[in-house]
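Assemble the whole structure, with the sequences as input and the hints as a guide.
Quick note on my numbering: the sequence shown kicks off at 619 and runs consecutively.
There may be inaccurate statements among the hints.
Stated by the list, open to error - Each pair of labels, with its calculated beta carbon distance range:
#, residue 1, residue 2, range
1, Asn697, Gly743, 44 to 52 Å
2, Ser788, Ser644, 39 to 47 Å
3, Ser727, Lys900, 41 to 49 Å
4, Ser693, Asp750, 36 to 44 Å
5, Glu781, Tyr672, 18 to 26 Å
As the list claims (entries may be wrong) - In silico EDC-like cross-links for lysine to aspartate or glutamate, where the CA-CA straight-line distance does not exceed 20 Å:
#, residue 1, residue 2
6, Lys901, Glu877
7, Lys647, Asp750
8, Lys925, Asp718
9, Lys837, Asp906
10, Lys794, Asp884
11, Lys890, Asp906
12, Lys859, Glu921
Calculated directly from the structure, the hints in this document are not laboratory data. Glycine residues also receive a C-beta, built at the ideal position from the N, C-alpha and C atoms.
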Amino acid sequence: MKKYFLHIIVLIFVNNVFSQNSIKVSSGKLDFLVNFESKFVTQRNVAIWLPNNYDSKKKYNVLYMHDGQMLFDASSTWNKQSWEVDETIGELLKQNKIKDVLVVGIWNSEKSRHADYFPQKPFEGLSKSQQDSIYNASRANGNSIFNDLKVQSDSYLKFLVQELKPYIDSRYAVYKDFSHTFIAGSSMGGLISMYAICEYPKIFGGAICMSTHWPGIFKVEGNPIPKAFFNYLETHLPDPKNHKFYFDYGTETLDKLYETLQPKVDLILAEKGYSSKNWITKKFEGDDHSERSWSSRFHVPIEFMLKK
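Encoded structure:
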């Protein structure tokens, strides 16, 4: 009982704090966790989206999503775009097209985003000189990609699996098994979603990987990273009998880099036994690398993963 009341007090506090930021949703409601503590990564904010039909006597699927600050309210984001997750899932639930689900949006830590999301085991399989060249890579504006940090996605996934998921499982009316637990993201968030289901197939049953950033950095020619990711997938894909993948990409801006890389991933998936029942890859002509594009097609993977 004391634990229950403490949880209520914490939610009241964090909702008051976040209300100052005016993060609004048009469907459902948000619970907020401010600076969720972790022994694995830096503390970060978390938003839990509950649908209009949320009832603690029922059970819900759970979708974990990266870059949580970009998911719900365009007026609160740096580029005035968002995924509009609440609108898309709320409408699909209203139309009775998908199973009940709640969303856990995990804020990125801006400085460590690349280090958090870059799949660690493929990176560690590279030579020292290759690793050094990747760490020294820069963005178009000359800024460091990794901000002088080391790849730490294994620690980030431990945070999700060992700390955040147990918190959600103990406080919300959710299924706890892998078949009802999904993970999603775009760009680097697509990479870490792929990595999460491969590393933790008993935790995640489906991965949504939109505009997956297979180059890892911002060039393809002479880049050893894609091959490292392909080699990793060859030996780490989860059982296709009970896991699902969704991949996609556009044809404009940064997404142009993926047109020659995604088909190589598709070939591996097919060779490992994935079919249209548990895997989709889609190309979206004219879509670019932005929340506006991801929002416009987000319904596609959601219906694939959660279709009734």
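These are the hints, each one checked on the structure:
Checked against the given bound of 44 to 52 Å, the beta carbons of Asn697 and Gly743, roughly 34 Å apart, lie outside it. For the hinted restraint 39 to 47 Å between Ser788 and Ser644, the CB-CB distance of approximately 29 Å leaves it violated. Taking 41 to 49 Å as the suggested C-beta distance range, the pair Ser727 and Lys900 does not conform, at roughly 30 Å. Our hint of 36 to 44 Å for Ser693 and Asp750 holds, since their Cβ atoms are close to 41 Å apart.
Against the hinted window of 18 to 26 Å, the Cβ-Cβ separation of Glu781 and Tyr672 comes to about 23 Å, which satisfies the hint. Restraint check: the Cα-Cα separation between Lys901 and Glu877 comes to about 8 Å, which is no more than 20 Å; the hinted pair holds. Taking the CA atoms of Lys647 and Asp750, the gap is near 45 Å; set against the 20 Å cutoff, the hint is violated. Between the alpha carbons of Lys925 and Asp718 the distance comes to roughly 10 Å, so the proposed pair stays at or under 20 Å and holds.
About 17 Å separates the Cα atoms of Lys837 and Asp906, which keeps this hinted pair within 20 Å; it holds. With a CA separation close to 29 Å, the supplied pair Lys794 and Asp884 exceeds the 20 Å bound. For the hint linking Lys890 to Asp906, the alpha-carbon distance of about 30 Å lies beyond 20 Å, and the restraint is violated. In summary, the hint linking Lys859 to Glu921 is supported, as the alpha carbons are separated by about 19 Å, within the 20 Å threshold.
Hint violations for this structure: numbers 1, 2, 3, 7, 10 and 11, all remaining hints satisfied.
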